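**Q** Mind assembling these two chains? They're in different frames, but the hints should get you there.
Sequences listed follow chains R and A, in order. So for the first sequence, the working numbering puts the first residue at 1; every next one is plus one. So for the second sequence, the working numbering puts the first residue at 1; every next one is plus one.
Worth double-checking, as some hints may not be accurate.
[To be verified] Dumping the calculated BS3-like pairs for lysine-lysine here, alpha-carbon to alpha-carbon at most 30 Å:
(1) R:K22 to R:K49
(2) R:K77 to R:K112
(3) R:K22 to R:K112
(4) A:K57 to R:K49
(5) A:K17 to R:K112
(6) A:K11 to A:K57
Note that these hints are calculated values from the structure, not bench results. For clarity, every value in this text was computed on a predicted model and none was experimentally measured.
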Amino acid sequence: AQSVAQPEDQVNVAEGNPLTVKCTYSVSGNPYLFWYVQYPNRGLQFLLKYITGDNLVKGSYGFEAEFNKSQTSFHLKKPSALVSDSALYFCAVRDPSLGDSNYQLIWGAGTKLIIKP
Amino acid sequence: GAGVSQSPSNKVTEKGKDVELRCDPISGHTALYWYRQSLGQGLEFLIYFQGNSAPDKSGLPSDRFSAERTGGSVSTLTIQRTQQEDSAVYLCASSNRLAGRYEQYFGPGTRLTVT
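Looking at chain A on its own, in the form it has when it is part of the complex (with noise of 0.2 Å):
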């Protein structure tokens, strides 16, 4: 498809566990972003990747949070020892340099649940 991608769309964990949340951008766009998402609430920024930058992970809320992004394309958040409250919508989107290079394009999400 032409859009961005996110999977699993509904994941269940046990406290304690480690997950891995992955979203394949729109082809070609260099930024991208991953944001969470509480009920009904507004976005947290998590991290942002541009091209081949240091990503910017100012927004990561502690280091049981951490992401990577392979070969400029898809990209991979990782939660370790998931916590209740990191119960929550994770977003990604990217963006494009030549196509209105701030608009961002957002995935369906992933619907975290710490059980």
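Same shape as in the complex, but just chain R (with noise of 0.2 Å):
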């Protein structure tokens, strides 16, 4: 089945460390794959995606993420974390067996990024 898994509910880093968010997938065919971020009371905001070419892709904010195929990994990173950082992160795959006019995206369950001063 296709899937999508955030191992992690929460994730805590001193303001200034690097910071990863995980995510790994499980899809049939080439994974389109996306972050996003919700900040506290504010809707979803778009942060990156991958699509194909480079394996390293660069968002808003200084966010990056690695996509890496053998590992079915597309973790977001981000040299140096921001107390202003903090928010819900979530990760997303389109399944490419929906077909190419089907634009549903299947969605990680979340993680929460503290960020302490």
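**A** Spelled out as structure tokens, the structure:
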């Protein structure tokens, strides 16, 4: 079955340290992978996506993610965390078996990122 | 505005009443999605509209929930005979073939409280 896993409900990082939010996926074809962020009391915002090409994708607010096909992972990273990065992060994948005209995404359960000063 | 809008932003209703939630997608976006999110939790898919195709209703939790999309634009999610477990934030999103077609743009949500 197609699925996305975010194995950590919560990640705690000290300000200034590097952060990683993990995501693994299981789809039958070539995945399209996404990260979204939800700041407190705000809507979901797109951060970055991997469709094809360079495995390292750079996005908004200094975030990046690396597509690793052999490990079926798409972990979100940032070299130096800010307190303002504290938010709920969602990983999502497009299920290629749905066909080219179906735009639905499979969503992970979300990871709460807490950056402590 | 250029983004997805939802109304009302907050709705408090008594158990057993019907409610209607509205979503205005980004102009020209062919795909529209409804999700439900309980406090601080993940996204629960409800329904998906794509152009003139039949909607994917597989996520609707019961027959008290229904949605329609008129003229390929505005969508209304209706919950009949509301129950306390319906309390959540209801999110709408839209996407477009031309603009990174799988990238979904979200509205601010409607916070529904059933008392």
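**Q** Can the restraint linking K11 of chain A and K57 of chain A be considered satisfied, given a maximum Cα separation of 30 Å?
**A** Distance of about 23 Å is within 30 Å: holds.
**Q** Going straight from one Cα to the other, do K57 of chain A and K49 of chain R come out at no more than 30 Å?
**A** 26 Å, holds
**Q** Sort out whether K112 of chain R lies within 30 Å of K77 of chain R, counting only the CA atoms.
**A** 14 Å, holds
**Q** Assess, step by step, whether the Cα of K17 of chain A is no farther than 30 Å from the Cα of K112 of chain R, and give holds or violated.
**A** 34 Å, violated
**Q** When you check the alpha-carbon spacing of K22 of chain R and K112 of chain R, does it fall within 30 Å?
**A** Within the cut-off at roughly 11 Å; holds.
**Q** Is it true that the CA of K22 of chain R sits at most 30 Å from the CA of K49 of chain R?
**A** Given pair K22 of chain R, K49 of chain R holds - Cα atoms ~15 Å apart, limit 30 Å.
Hint compliance for this structure: hint 5 alone is broken.
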